[in-house]
Amino acid sequence: MRRRSPAAAAALLGTLLTVSLTGCAITASPPAPGTTTEEAPVAEYGNLTPALSAAVPRIVGVEGVSQSRNGLGQRFSATLMVDSAEPFTADELDAAAQAIWRTLPWEPNAIALVAGVAGDGEPEPVDLRDAAADLEPMGFTNVGQGGVSLFDMSARYGAWAAPE
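The numbering used here puts the first residue of the sequence shown at 983, with every later residue one more than the last.
It is possible that some hints are incorrect.
To be verified - Here are the computed distance ranges between Cβ atoms for each label pair:
(1) Gly1103 with Glu1146: 40 to 50 Å
(2) Ala1144 with Ala1036: 34 to 44 Å
(3) Gly1101 with Ala1141: 34 to 44 Å
Quick caveat, the hints were computed from the structure, so don't treat them as lab data.
Ideal Cβ positions, reconstructed from N, Cα and C, are used throughout, including at glycine.
Just need the whole structure built from these sequences, with the hints factored in.
Take a look at the structure:
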């Protein structure tokens, strides 16, 4: 039976480590000239604030607008600033969701909304959950303090189409 020396084992381990690190360095090389490492382009939201204010007059502003990838597509998120702490009615939430669905220049597969009344400190949350429960066949999940994430908008509003 032949025994290997500890020095030979250390040399073999060192060789394997060097090859491994070289492979990582090659795969993590800088981008080719002419390519960019910038994030995705800034998302466009169309005339969202005017559309929401026209659809639901108690919406006085929209904050924290964002687009994010959620594994199935693009999620739209926003905070609706409203003029009273009364919970949204189903008609108000329906009008807001439809305005977003019809105004965005890209198709969201989810619309995450929270609402609040501006005050001296943090906005006071406004409940959207009960209103969302009445918007069948569109589904929803709870988000944040009284917020909702709506999905299956096409089941309620028809196929999405880019705004004209």
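Checked hints:
1. Gly1103 with Glu1146: 40 to 50 Å: holds, 41 Å
2. Ala1144 with Ala1036: 34 to 44 Å: Given about 19 Å between the Cβ atoms, the range is violated.
3. Gly1101 with Ala1141: 34 to 44 Å: Given about 40 Å between the Cβ atoms, the range holds.
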